[in-house]
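First residue of the sequence shown? That's 1 in UniProt numbering, and the numbers climb one at a time after it.
Source of the hints: derived by calculation from the structure; they are not laboratory data. Heads up, some of the hints might be wrong.
[What the hints assert, rightly or not] Here are the simulated DSSO-like pairs of lysine-lysine, each with C-alpha atoms no more than 30 Å apart in a straight line:
id: 1; residue 1: LYS357; residue 2: LYS426
id: 2; residue 1: LYS403; residue 2: LYS357
id: 3; residue 1: LYS119; residue 2: LYS426
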Amino acid sequence: RSSSINRRSGRSNASCPALGGHVQREEIRRLPESRAKNGGKMAKRKHSPVAAPRNNKVGQKTDGITPRKKRKSTQRNGEVQDLPMENGPSGGSSGSGGPAASNARLEDPFPWLPSRGAKGSEAVASRSFDWLIQPIGQERFFRELWEQKPLLVKRHQPGFYGDLMSCQQLDRILRERQLYFTENVDLTTYRGGVRETHNPPGRAHTAVVWDSFQQGCSVRLLNPQTYSRQLWRLCATLQEFFGSMVGANLYLTPAGSQGFAPHYDDIEAFVLQLEGQKLWRVYAPRDPSEELPRFSSGNFTKEEVGEPLLTTLLEPGDLLYFPRGFIHQASTGETSHSLHLTLSTCQRNTWGDLLEKALPTALQLALEEDMDFRRSLPRDYPSVTGVANADLANPRREAFLAKMHSLFERLWDFLPVDAAADQMVKAHLHEALPPLLSQQERECSVHGGERWHEGRVVDVQELEPDTAVRLVRRNAVRLVVEEDSVRLYHSLDNSRVYQERDPQWVELDAERAPAVEALLHAYPGYLRIQELPLEGPTECMELASLLYDRGLLLTREPLDPVDYDDDD
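Put together the whole structure using the sequences plus the hints.
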């Protein structure tokens with residue numbers, strides 16, 4: 001808006017914190033230090049050659065709760081460990097401070113959100129990750145498990161994930177949204193060592209999907225966060241924690257079947273068991289070249305994967321984490337379907353990916369600024385280099401290699417670490433989910449402003465120089481210098497459909513960049529508009545109005561509406 005339009009801060013005591021959540025008690029198991037080394041077409045409806053497994057009624061009760069006090073889970077080398085059961089809903093305490101295990105839905109529809117005491121989006125995200133992996137702490141998780149080995153958490157709390165997703169919700173999504181096979185939905189089988197995709201062309205009509213499920217096909221819903229607000233909130237929140245896109249896939253598998261062949265992925269995977277039961281087998285990477293891979297594998301045979309590192313039956317409320325490169329497969333028993341959600345993150349978000357962006361620019365800068373990089377190669381370099389001379393013991397070769405080493409060391413001085421990181425984050429923001437604002441946040445943002453009511457515009461709001469503002473999310477924006485321009489890239493206007501919109505940014509004059517930096521450094525604190533490091537109040541108000549109207553700023557309190565006469 002023009003600088004002549006001010007927005008006045010309100011006097012309400014309302015603020016914009018996140019909502020509250022629950023902490024529950026559960027058990028944890030992790031793997032020992034040692035490792036074990038080691039698309040078809042769909043038949044016509046009603047006439048598929050895929051045999052229908054037994055008991056594929058989605059509505060049947062499959063919570064897997066048994067009356068015994070011990071639950072068994074098999075780990076490496078067939079070792080059976082007994083895990084103590086929490087007392088169920090029939091009576092008794094589940095432990096110090098923890099609620100009894102039950103099938104009841106959680107009262108809080110967003111249990112991963114922290115209490116009102118959390119400050120800013122990074123603190124909210126950290127508390128959300130705490131909720132996901134509890135009872136293990138973050139420090140221990142990243143020290144002992146992250147990118148190293150799997151983690152199994154047996155909770156014995158079928159309602160732990162609340163209404164995060166269910167078969168009933170999947171049915172509603174199929175009926176209410178226009179989903180298409182291959183683009184949004186896959187139908188798969190894995191039988192006799194053969195993995196097949198049975199996607200017909202066109203829209204994924206509900207009847208076709210459920211008929212295929214009854215005939216033994218697994219159903220994979222790609223990017224369910226596009227259709228579920230709860231998944232959207234969870235994934236968008238965890239993005240703030242990982243500094244990388246967090247995606248999701250939903251997998252529904254009929255009883256007595258398996259939908260996918262053994263394989264490994266290029267993401268860190270968190271498996272949340274929502275309904276039914278599923279038997280998982282996880283295998284260590286076969287050799288160092290497959291550890292932390294940059295790309296997913298093809299399908300493996302039984303002979304190629306060896307003995308599993310972990311075999312376990314996941315039940316509702318359980319969590320399984322495994323790093324990229326760990327081969328895995330999962331199947332259902334004869335009496336229970338399975339519904340699980342896989343959260344994924346850190347796809348091609350490595351040191352190597354950062355260097356891939358930084359090194360070409362560093363070399364270009366070195367060639368421009370350091371004459372030694374432009375000097376000619378020695379006349380005799382062909383005779384001392386190459387595969388045929390790799391083992392040659394020659395002083396001239398040693399001198400050549402020493403010079404190369406020296407130039408590489410000097411290349412560090414030209415390495416544009418910050419600019420390369422800016423480009424990495426810029427790419428992440430393009431693929432990221434937009435933040436899902438709480439009602440309090442909407443009231444403190446441009447979304448709580450003017451509206452049409454009874455024939456006129458009402459709830460006109462104005463910023464003033466003493467209005468306290470902050471960024472909506474710490475990691476939803478990035479200040480990037482590109483050639484002769486300064487841009488503030490952001491994910492606020494992204495679609496929930498992956499990269500549906502072009503990258504979004506606000507063009508800034510270079511003189512305004514310090515004010516944006518001040519907002520970034522102050523977060524999660526607020527700055528009064530008049531405190532922004534710009535030349536004068538007009539500049540401060542213009543920048544604040546620009547960012548506020550683009551949806552990038554929150555005010556500390558909702559702005560008071562200002563009523564104007566019709567002729568004003």
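Unsatisfied constraints (hint numbers, rising): none
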